[in-house]
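Number of protein chains: 2
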Amino acid sequence: MNIYDISKQAGVSIATVSRVLNGSPNVKPSTRRKVMEVIDRYGYTPNAFARGLGLDTMNSIGIICADSSDLYLAKAVYYIEGNLRKNGYNCILTCSGYEHGDKESALTLMINQRVDAVILAGSNYIETDTDRNLYIRNAAAQIPVFLLNADMDCPNVFCTMCDDFKATQEAAAALIDSGVTDILYLYNSHSYSGLRKLEGYQSACHMRNIAVSGELMQFYEGSREDIDGVCRFLCGLHEQGLSFHAVLASEDMLAAGAVKYAKLQGIDIPGDLAVIGYNNSLLTTCSDPEISSIDNHLETLCAQLVRTCISVLNGEDMPPKVIYSGELIQKGTTRLPVSGSQK
Amino acid sequence: MNIYDISKQAGVSIATVSRVLNGSPNVKPSTRRKVMEVIDRYGYTPNAFARGLGLDTMNSIGIICADSSDLYLAKAVYYIEGNLRKNGYNCILTCSGYEHGDKESALTLMINQRVDAVILAGSNYIETDTDRNLYIRNAAAQIPVFLLNADMDCPNVFCTMCDDFKATQEAAAALIDSGVTDILYLYNSHSYSGLRKLEGYQSACHMRNIAVSGELMQFYEGSREDIDGVCRFLCGLHEQGLSFHAVLASEDMLAAGAVKYAKLQGIDIPGDLAVIGYNNSLLTTCSDPEISSIDNHLETLCAQLVRTCISVLNGEDMPPKVIYSGELIQKGTTRLPVSGSQK
Numbered sequence: 001m002n003i004y005d006i007s008k009q010a011g012v013s014i015a016t017v018s019r020v021l022n023g024s025p026n027v028k029p030s031t032r033r034k035v036m037e038v039i040d041r042y043g044y045t046p047n048a049f050a051r052g053l054g055l056d057t058m059n060s061i062g063i064i065c066a067d068s069s070d071l072y073l074a075k076a077v078y079y080i081e082g083n084l085r086k087n088g089y090n091c092i093l094t095c096s097g098y099e100h101g102d103k104e105s106a107l108t109l110m111i112n113q114r115v116d117a118v119i120l121a122g123s124n125y126i127e128t129d130t131d132r133n134l135y136i137r138n139a140a141a142q143i144p145v146f147l148l149n150a151d152m153d154c155p156n157v158f159c160t161m162c163d164d165f166k167a168t169q170e171a172a173a174a175l176i177d178s179g180v181t182d183i184l185y186l187y188n189s190h191s192y193s194g195l196r197k198l199e200g201y202q203s204a205c206h207m208r209n210i211a212v213s214g215e216l217m218q219f220y221e222g223s224r225e226d227i228d229g230v231c232r233f234l235c236g237l238h239e240q241g242l243s244f245h246a247v248l249a250s251e252d253m254l255a256a257g258a259v260k261y262a263k264l265q266g267i268d269i270p271g272d273l274a275v276i277g278y279n280n281s282l283l284t285t286c287s288d289p290e291i292s293s294i295d296n297h298l299e300t301l302c303a304q305l306v307r308t309c310i311s312v313l314n315g316e317d318m319p320p321k322v323i324y325s326g327e328l329i330q331k332g333t334t335r336l337p338v339s340g341s342q343k
Numbered sequence: 001m002n003i004y005d006i007s008k009q010a011g012v013s014i015a016t017v018s019r020v021l022n023g024s025p026n027v028k029p030s031t032r033r034k035v036m037e038v039i040d041r042y043g044y045t046p047n048a049f050a051r052g053l054g055l056d057t058m059n060s061i062g063i064i065c066a067d068s069s070d071l072y073l074a075k076a077v078y079y080i081e082g083n084l085r086k087n088g089y090n091c092i093l094t095c096s097g098y099e100h101g102d103k104e105s106a107l108t109l110m111i112n113q114r115v116d117a118v119i120l121a122g123s124n125y126i127e128t129d130t131d132r133n134l135y136i137r138n139a140a141a142q143i144p145v146f147l148l149n150a151d152m153d154c155p156n157v158f159c160t161m162c163d164d165f166k167a168t169q170e171a172a173a174a175l176i177d178s179g180v181t182d183i184l185y186l187y188n189s190h191s192y193s194g195l196r197k198l199e200g201y202q203s204a205c206h207m208r209n210i211a212v213s214g215e216l217m218q219f220y221e222g223s224r225e226d227i228d229g230v231c232r233f234l235c236g237l238h239e240q241g242l243s244f245h246a247v248l249a250s251e252d253m254l255a256a257g258a259v260k261y262a263k264l265q266g267i268d269i270p271g272d273l274a275v276i277g278y279n280n281s282l283l284t285t286c287s288d289p290e291i292s293s294i295d296n297h298l299e300t301l302c303a304q305l306v307r308t309c310i311s312v313l314n315g316e317d318m319p320p321k322v323i324y325s326g327e328l329i330q331k332g333t334t335r336l337p338v339s340g341s342q343k
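In the order they appear, the protein sequences are chains A and B.
Taking my numbering as reference, the numbering of the first sequence is continuous, increasing by one, and the terminal residue is 343.
Taking my numbering as reference, the numbering of the second sequence is continuous, increasing by one, and the terminal residue is 343.
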C-alpha cells in the first residue's frame, strides 16, 4: 500500500492524498474521510505517513549524494543542510558513490529510515535508460523525492535544476562567434546533466553550421581529482595531432587540467587557447590565469529545492519542476565580447 | 541523571556503566545489577541509553562540523560517513558555523535527537579558555563524544588527532636549515589545531635560536575562500617593507594566495620564496607551481575515529587519545634537502 494505491482506491489525486497525510487544512472533510478510510481499511501506515497521521516522526530528511567531498556536491550538501535546519529538519546524509547498484541500495536504506522525504543531490541519479530510474519511481511511491539538477517525470518527484543545456550552448556559441571553430568539449560524466551539457555544445555547433567532430568530444575517464591526469590526457591528444583552440569543460577540474596543459606546451591563454569550466568553484581562482566558468547558481538552486520540499511536506501543491539559468563568469581564460548569458 | 551520576551512585567506573548500557558481555552480573538498580531507581533513561536498555534506537550518530563545504571538512565528513555506514550507522549531519553560541546550540540540538554518539569534526570546537568547552563536557555526560583533531581531557570524550605541532615544527625547522630565517607564518584560525601549528612554528624558531618576530606571524581575517584576498593581504605586507623568504601557512588556501602574491610581484618560487601549505588538498595541484603541503592523513584519522567510536558503543575500553604524525609532501614550492617528517 503506497501513495499511488491510496490515491487510486480513494479516487483522489496523489496531491490530495499528500495533503491529507500532511494534515493540510485545504482538504474537504469528505475527501479527508475517504482517504483515511482507505488507509484504515488496509491497516498499513508506512513510516513516511506517520507524520500526517499524528504519529511521532524524527523530522528528518535524507540527503543522498555520490560523494560529499566532491567540491560541487560538498557545497550542495552544505546549502541544503543549512536550509533544512532553518526549517526545523535534521538531515541524514548518505554517500552512495557513482555505481547504479550502490545508488539503489542507498536509497532503499534511506527509505527504511523514518525520513519524511529524500533529496538526491547531483544529476548522476538519473540515467538515460529509464528502466534504471525505476528505483526512484519506487521510492517516490512512498515518500516525496527531490532531485537537484536532474529531470524526471514522475508523481511525487520534484526537480530543481539549472538549464545546463542552454548555459553550455551559449558558452559554445560565444566561443564560435569569437572565431574559434575547433572547440574541444571535455567531459567526465554521463549523468543527466553531463549529457545535457554535451548536447548544448553539439547544438551550438549545429546552429553555427560547424560540423561536430567525434574527435573534439573527449571523455576523461580518470579520477575526479587528478588534475595532472587531465593535463597528460590533453598532452596525449596534442601529440596525436588533434588541433583545438578552445576547451569547453563540463567541470572546473577538467578546465584546470587544460590550463596546466597549455602552460606545459607553451600555449598562450586566452590568445591561442580559450578555456571555460563549469561550476565556478574555488579551483577557478586557484589557477593562473583564473578560469572563466559557468556558474549554475547552486546556492539559489538548493534554497529553492528546500523551499519546494518544505511546501510539499506541508501539503501545498508545488510545480514538479523549477528551472534556473546558468551564467558564464568571464575571468582570465577567455576574452569574449559578451558573456554567454547576455546574448 | 547522567552517566556520571550513575557511575557515582553505583560505585563503578564510567567505562563500566557504558559497558552495561551497551550490553557488553564483559560485565559481572552483580555489577550489571548494581548499575541497572541505580537507573531503575531514578526512573530516567536518556535517549542514548535506550540502546543498552534494549529500547529502539535509530543507530544514528551525529556529525557536527563548522562548514561541510570547506575542502578539508568535506573530506572529513565523507570519510566519517562512509566508515559509519559500513558499520551500520546512519549519520545525522549538522553544520554549526564557527561562532561559539551556534556550536553550542548545534550540539544541544543533536543531543536531543536519538543519536548514539556525536562526532565533532574539526579542531575549532575546542578553545583555549576551558570554560568555553563546558558544553562538550555536558554533552559527554550524556553520550560519548568523539573529537577529530582536537584535544580535551574529559571522561567519555575520545580524541583522534594529527600532531600538528610537530608537523609544523618540522616544516619550519627544515626551512630554517635550508637557510631561510625570515619565515612568515600565515594563519586564519585560533582553533586548537591552529594554535598548535603556531606553537610548532615558534618552537622551531626557538630551537634554531631565531628571534620570533610578531610581524612574521600574520593572521588573515578574510573569507576562507578568498584566495585573492590573501594575495592582496601579502602585497600589503610587502609594500609596508616586511621581508620574508618563506611562507608557512596553516591552510592550503593561504598558501595558494602566497603563490599568487609571488607571481604578481615577480618573485621566484621556490628560489626567492618557499611556500608550504597544510592539508595537501586539491588546491595544491591546481596552483602553479604545485604547493608543498603538510598531509595530516585525514583518511586514516577518520577511519580510526570511527573504529574508536564503534568500539566505545560496543562497550570496549578505548584509549582517550590516538595521535598520528603529519608529513610534509614536497612539490614545486620548496626545494628542501629532506622532508620534514624524515628529520
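Simulated from the structure, these hints should not be mistaken for laboratory data.
Fair warning: there could be bad hints in the mix.
It does not matter which identical chain is meant; a pair holds if it fits inside one copy or across any two.
[As the list claims (entries may be wrong)] Lysine-lysine pairs mimicking DSSO-like chemistry, simulated, CA-CA at most 30 Å apart:
| # | residue 1 | residue 2 |
| --- | --- | --- |
| 1 | Lys86 | Lys321 |
| 2 | Lys331 | Lys34 |
| 3 | Lys75 | Lys331 |
| 4 | Lys34 | Lys166 |
| 5 | Lys75 | Lys34 |
| 6 | Lys263 | Lys331 |
Keep in mind that this is a model prediction, so the values were computed, not measured.
Structure-based check of each hint:
Taking identical chains as interchangeable, the C-alpha atoms of Lys86 and Lys321 lie at most 30 Å apart only when both belong to the same chain, with a minimum of 23 Å there against 35 Å between chains. With identical chains, the CA atoms of Lys331 and Lys34 are never at most 30 Å apart, being 60 Å at best within one copy and 70 Å at best between copies. For the identical chains of this complex, Lys75 and Lys331 are neighbours both inside a copy (21 Å) and across copies (28 Å), given an alpha-carbon limit of 30 Å. In the homo-oligomer, the alpha carbons of Lys34 and Lys166 never lie at most 30 Å apart, since the shortest distance is 45 Å inside one protomer and 70 Å across protomers.
For the identical chains of this complex, Lys75 and Lys34 are neighbours neither inside a copy (43 Å) nor across copies (49 Å), given an alpha-carbon limit of 30 Å. In this homomeric assembly, Lys263 and Lys331 come within 30 Å of each other (Cα to Cα) both inside a single copy, at 17 Å, and across copies, at 17 Å.
Hint violations for this structure: numbers 2, 4 and 5, all remaining hints satisfied.
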